[in-house]
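With chain A fixed as given, assemble chain B onto it according to the hints.
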Amino acid sequence: MFEGIEELRKKLDSGKLKVKDLAQQAVDASKKVNSKCNAFVTIIDKPKIKENKKSILSGIPYSAKDLFSTKGILTTGSSNALKDYIPFFDATVISRLKKSGAVLTSKSACDEFGLGGTGTTCHTGIVRNPYDENREAGGSSAGSAVAVASGVVPFALGTDTGDSVRKPASFCGIVGYKPTYGLIPRYGVLPFASSLDHVGVFTRSVKDAAIVVDSIKGPDSKDMTALPKTDDLTPLLDGNVEGKRLFYIKEICDIRSYDNPSDELKKSIKLFNEIIEKAKKLGMQVIPESIDQKLLNAIQPTYQVISCAEATSNLSMYTGIIYGPRGNGSNINEMVKDYRAHGFSSLIKRRLVIGSYVLQKENQERYYLNACRVRQMIIDKFNELFTQYDGFITLASGGGAPLFDGKTEVLSNEAVLENHLAIGNFGGFPSITIPAGFINNLPIGINITGKVQDDVNVLNIAYALEKDIKFKGGLHE
Amino acid sequence: MSKYEVVIGLEIHAAVLSNTKVFSPSKNSYSDVPNENINEIDLSFPGIMPSLNKEAVRKALKMSMVLGCVQPDELMFDRKNYYYPDLPKGFQITQVTKPVGINGKVELYVDNHDFTVNIHDIHLEEDTASMDHYDYYTLIDYNRAGTPLVEIVTEPCIHSGEEAVAFLEFLANSLRYCNVSDADMKKGHLRCDVNINLKNENGEFITPRVEIKNVGSISYVLDAVNYEVARQIKAYETGIEELVQETRRFDEATKTTIRMRTKEDAVDYKYFVEPNIPRIKIDKSWLKEIRKEIPSLPNERLKRYIKEYSLSESEAKTLVKDFELSNYYEECIKIGINPKVAFNWLSTNIIGYLNKEFMTIRDFYITPNYLKFIVDKINSGEISSKQGKELFNYCLEEKEEPSILMKKHNLKQMDNSNELEGIIDNILKNNLKLIEDYHNGKTNLFGFFIGEVMKQTKGKANPVIAKQILTDKLK
Numbered sequence: 001m002f003e004g005i006e007e008l009r010k011k012l013d014s015g016k017l018k019v020k021d022l023a024q025q026a027v028d029a030s031k032k033v034n035s036k037c038n039a040f041v042t043i044i045d046k047p048k049i050k051e052n053k054k055s056i057l058s059g060i061p062y063s064a065k066d067l068f069s070t071k072g073i074l075t076t077g078s079s080n081a082l083k084d085y086i087p088f089f090d091a092t093v094i095s096r097l098k099k100s101g102a103v104l105t106s107k108s109a110c111d112e113f114g115l116g117g118t119g120t121t122c123h124t125g126i127v128r129n130p131y132d133e134n135r136e137a138g139g140s141s142a143g144s145a146v147a148v149a150s151g152v153v154p155f156a157l158g159t160d161t162g163d164s165v166r167k168p169a170s171f172c173g174i175v176g177y178k179p180t181y182g183l184i185p186r187y188g189v190l191p192f193a194s195s196l197d198h199v200g201v202f203t204r205s206v207k208d209a210a211i212v213v214d215s216i217k218g219p220d221s222k223d224m225t226a227l228p229k230t231d232d233l234t235p236l237l238d239g240n241v242e243g244k245r246l247f248y249i250k251e252i253c254d255i256r257s258y259d260n261p262s263d264e265l266k267k268s269i270k271l272f273n274e275i276i277e278k279a280k281k282l283g284m285q286v287i288p289e290s291i292d293q294k295l296l297n298a299i300q301p302t303y304q305v306i307s308c309a310e311a312t313s314n315l316s317m318y319t320g321i322i323y324g325p326r327g328n329g330s331n332i333n334e335m336v337k338d339y340r341a342h343g344f345s346s347l348i349k350r351r352l353v354i355g356s357y358v359l360q361k362e363n364q365e366r367y368y369l370n371a372c373r374v375r376q377m378i379i380d381k382f383n384e385l386f387t388q389y390d391g392f393i394t395l396a397s398g399g400g401a402p403l404f405d406g407k408t409e410v411l412s413n414e415a416v417l418e419n420h421l422a423i424g425n426f427g428g429f430p431s432i433t434i435p436a437g438f439i440n441n442l443p444i445g446i447n448i449t450g451k452v453q454d455d456v457n458v459l460n461i462a463y464a465l466e467k468d469i470k471f472k473g474g475l476h477e
Numbered sequence: 001m002s003k004y005e006v007v008i009g010l011e012i013h014a015a016v017l018s019n020t021k022v023f024s025p026s027k028n029s030y031s032d033v034p035n036e037n038i039n040e041i042d043l044s045f046p047g048i049m050p051s052l053n054k055e056a057v058r059k060a061l062k063m064s065m066v067l068g069c070v071q072p073d074e075l076m077f078d079r080k081n082y083y084y085p086d087l088p089k090g091f092q093i094t095q096v097t098k099p100v101g102i103n104g105k106v107e108l109y110v111d112n113h114d115f116t117v118n119i120h121d122i123h124l125e126e127d128t129a130s131m132d133h134y135d136y137y138t139l140i141d142y143n144r145a146g147t148p149l150v151e152i153v154t155e156p157c158i159h160s161g162e163e164a165v166a167f168l169e170f171l172a173n174s175l176r177y178c179n180v181s182d183a184d185m186k187k188g189h190l191r192c193d194v195n196i197n198l199k200n201e202n203g204e205f206i207t208p209r210v211e212i213k214n215v216g217s218i219s220y221v222l223d224a225v226n227y228e229v230a231r232q233i234k235a236y237e238t239g240i241e242e243l244v245q246e247t248r249r250f251d252e253a254t255k256t257t258i259r260m261r262t263k264e265d266a267v268d269y270k271y272f273v274e275p276n277i278p279r280i281k282i283d284k285s286w287l288k289e290i291r292k293e294i295p296s297l298p299n300e301r302l303k304r305y306i307k308e309y310s311l312s313e314s315e316a317k318t319l320v321k322d323f324e325l326s327n328y329y330e331e332c333i334k335i336g337i338n339p340k341v342a343f344n345w346l347s348t349n350i351i352g353y354l355n356k357e358f359m360t361i362r363d364f365y366i367t368p369n370y371l372k373f374i375v376d377k378i379n380s381g382e383i384s385s386k387q388g389k390e391l392f393n394y395c396l397e398e399k400e401e402p403s404i405l406m407k408k409h410n411l412k413q414m415d416n417s418n419e420l421e422g423i424i425d426n427i428l429k430n431n432l433k434l435i436e437d438y439h440n441g442k443t444n445l446f447g448f449f450i451g452e453v454m455k456q457t458k459g460k461a462n463p464v465i466a467k468q469i470l471t472d473k474l475k
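Quick note, the sequences are listed as chains A and B, same order.
The first sequence begins at 1 in my numbering and counts up by one.
The second sequence begins at 1 in my numbering and counts up by one.
The shape of chain A in the complex, shown without the other chains (with noise of 0.2 angstroms):
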């Protein structure tokens, strides 16, 4: 199915199309894709159904990253340390979605407990993209894209801590969503890295991202990092963004910043230009902004030591002793390292030790602490630019989907350009990707993000701009 939310809803309420058989189909399309794609640990044969006439989202199937939990539903975080966990609580946004009537039909794989970018440290496998199954879907939250943009469900449910949204949905050619920091709540979901964590979602409009986000934000008690309330966002989406001003990045978005730019680069940062000039059609002013090149640099070591630190001390919860399949020893700290040692993929375990080296007393200063700093400082030359832009337009990848052979090798600026999306974690700010279109057959995404708070106008940008792209996600048989 290729419909989007409100075209399901009218479909059902008008009995042209039952509830119980919209989640059939979408069982049977996972069941599909699955075999291609390798997109999903769990497809519930038997979805739960019971509905809320209230709620939009009623008898509209979706599928969530084995991050979330779900009661009496096997959760595994995608790891095999969690491989039989099946959790005896609901994720509050998995709560919410059931008091809307939305239908749960698979729990999709991703990267191990979300720390990756590339879909590939499953415990089940590799994901693949459904545009060609010999390149990545992205990561960490590949199953939840390939869902989406397989029209397997209208809408999945994701998490990104580095850009584990918005990358895959660039990769696969549909919107990712993660709104501010603490818009919507975390309880229930695996942790990766908590400053940096958040709940995003995929769809396949921007109006379904609102859609969604609407039946799932809002203040938490079990999490008290979650904003109070706040007015919905679907009614203020009206496209409206007449005099709205954007900056992009020279050092990222302008060809000439490249020394040896590849072909693929060329074409995105094309594409990447005339969408510019689409966005100045609709009434936006555009304009280059310039960041220092080390600031741009320091994103990706700011970003691997503060979520290798912190994942260091949320996956120590992860001992086999009160949950997970429990190791062999003959003392409870061999127990725990058997466990451990057998659990966890040798990228989980390499970043672990990262993450324990930066937090050592004689390391923290240099390493952990200096990385808050910069942290901090990239936030204020971001809010500072906010206080005079609506948002930030930028490339959500240098191209589209590598290869699993990565053979590619990144230069060191085009390394900035994957991995700037971080940015929106470090300052907890709204950012959206949207398809921008293909470059050799491969679906690539652009990139709103804005200022802490502000969804309504980062939604907008992004609605504005999809009505003029007229390239809506999903994979088009």
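Just so you know, the hints here were simulated from the structure itself, not pulled from any lab data.
You may find that some hints are simply not true.
Claimed, not checked - Which stretches of chain A does chain B cover? Using the computed rule of at least three CB atoms under 8 angstroms from a CB of chain B, they are: (1) 86-94; (2) 178-189; (3) 215-226; (4) 281-295; (5) 320-334; (6) 350-360.
Stated by the list, open to error - The following residues of chain A were derived to be distant from chain B, with all beta-carbon distances above 12 angstroms: (7) K10; (8) F113; (9) D132; (10) L236; (11) D238.
Just so it is clear, CB atoms sit at the ideal spot from N, CA and C, and this is done for glycine as well.
Just chain B now, with coordinates in the frame of chain A:
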């Protein structure tokens, strides 16, 4: 001993009273049933997040004020990362960056001298699960996991076991006065780590710091300090034992300290700011409100009782250690009972009665006002002290106001001079030989005559008037 200066720092954990745990809505109460007061947060299931208990914060801030600390402008928490089976998250949420209190100061009094304890900080944190170790296995009970604790860390500024005990008594009493903790060491509400080392006459440290973990009672703290000081002196002077920075435990049976681990095994806790609890501004008016709830504190009371009410240190301690009893005493003084008289009533009559009846002063029938009535009647001579005691007992037996019972039991001294004169004349008439002896120098017979008067009046004669008449008659 005088060659060395003992330097002691204390780290005390106090279990905070609250309805729910500090970061989870589970009940915070002792249960005999293991793993009864738990939820997914206490067991640290994937995806859980902390939600801070305001009542625990309020109480921690209150103790911060009691200890004369500076309160922060905002609340912040940190993670202390380490693996132990009693710590399900793999980290403890505590406070390092901005504790609820820093730089405090408490003025205390012990053995006729004033001394000051400087407080490094007080912070709010979560407790661990409790474990029972058996030969081949260990049982873990998560009821205690996540219950609120305040940890109080003093500067190394305490110079004797007696001072350490005085501070601990003050702390335990204050915790109870402010309803922050039951502070019963035997029940584990209060756990104390003692850091000790020695300085020479030039003020230089001559022994490395030794930490004695989890000393189980206030009197054991004294024992532990005494043993450890003697051990360090002996080791320093004789060199028979190597002194290293280490952690030891106190063995209650032998009253000695035993090595647990040395500095090399110290854990790096990799502290960092807890990202799941946003910084929360502390409202000044809230602090003011909390400060208002603090009663006059045990150290202030102790000193006042000794200096102003002339009680001995041990008498004063008897009152101060029980908040309600001390409040009763203060009320007695406020309404005008002489402090010494009030103490005597409490120590000779009231405390004994309460202990016998397993009662607290809160349920005691005789209010300070009733007690004042009795004391006033004795002072004015309307009743004798013996009758006063009788009236006190009638009150307790009949649960009736003393003014009514005094009439009912006809408790009243005979102070009619004519009547008394008749009785005295009669006594003297029957004891002419003794009068002669009296005049010949046996003046202690005066007491005999008074005794006779009391006997014949069944104790009701006003002794002052009776003495006056007798003196006149025997001239």
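If you count the residues of the region 320-334 of chain A with a beta-carbon closer than 8 angstroms to a beta-carbon of chain B, do you get 3 or more? holds (count 5)
Three residues or more, CB to CB closer than 8 angstroms: is that satisfied between the region 350-360 of chain A and chain B? holds (count 3)
Verify this label for me: D132 (chain A) is non-interface relative to chain B, using a Cβ-Cβ cutoff of 12 angstroms. 33 angstroms, holds
F113 (chain A) and chain B, when compared Cβ to Cβ, separated by more than 12 angstroms: Incorrect as stated: the minimum Cβ-Cβ distance to chain B is 9 angstroms, not above 12 angstroms.
Cβ contact check, 8 angstroms cutoff: the region 281-295 of chain A against chain B, three residues minimum: violated (count 0)
Coverage assertion for the region 178-189 of chain A with respect to chain B, Cβ distance below 8 angstroms, three residues required: It holds: at least three residues are needed, and the region 178-189 of chain A offers 4 whose Cβ sits within less than 8 angstroms of chain B.
Against chain B, does the region 215-226 of chain A show at least 3 residues with beta-carbon separation below 8 angstroms? holds (count 5)
State whether the coverage of the region 86-94 of chain A by chain B holds or is violated, taking the criterion as 3 or more residues with Cβ-Cβ distances under 8 angstroms. That given contact holds, which follows from 4 residues of the region 86-94 of chain A lying within Cβ reach (below 8 angstroms) of chain B.
Take a quick look at K10 (chain A) and tell me if its Cβ sits farther than 12 angstroms from every Cβ on chain B, holds or violated. Check passes; 35 angstroms lies beyond 12 angstroms.
Measuring Cβ to Cβ, find out whether L236 (chain A) lies farther than 12 angstroms from everything in chain B. 26 angstroms, holds
Check the non-interface label on D238 (chain A): least C-beta distance to chain B beyond 12 angstroms or not. Given that every Cβ of chain B is farther than 12 angstroms from that of D238 (chain A), nearest at about 32 angstroms, it holds.
Against the hints set out earlier in the document, violations occur for numbers 4 and 8.
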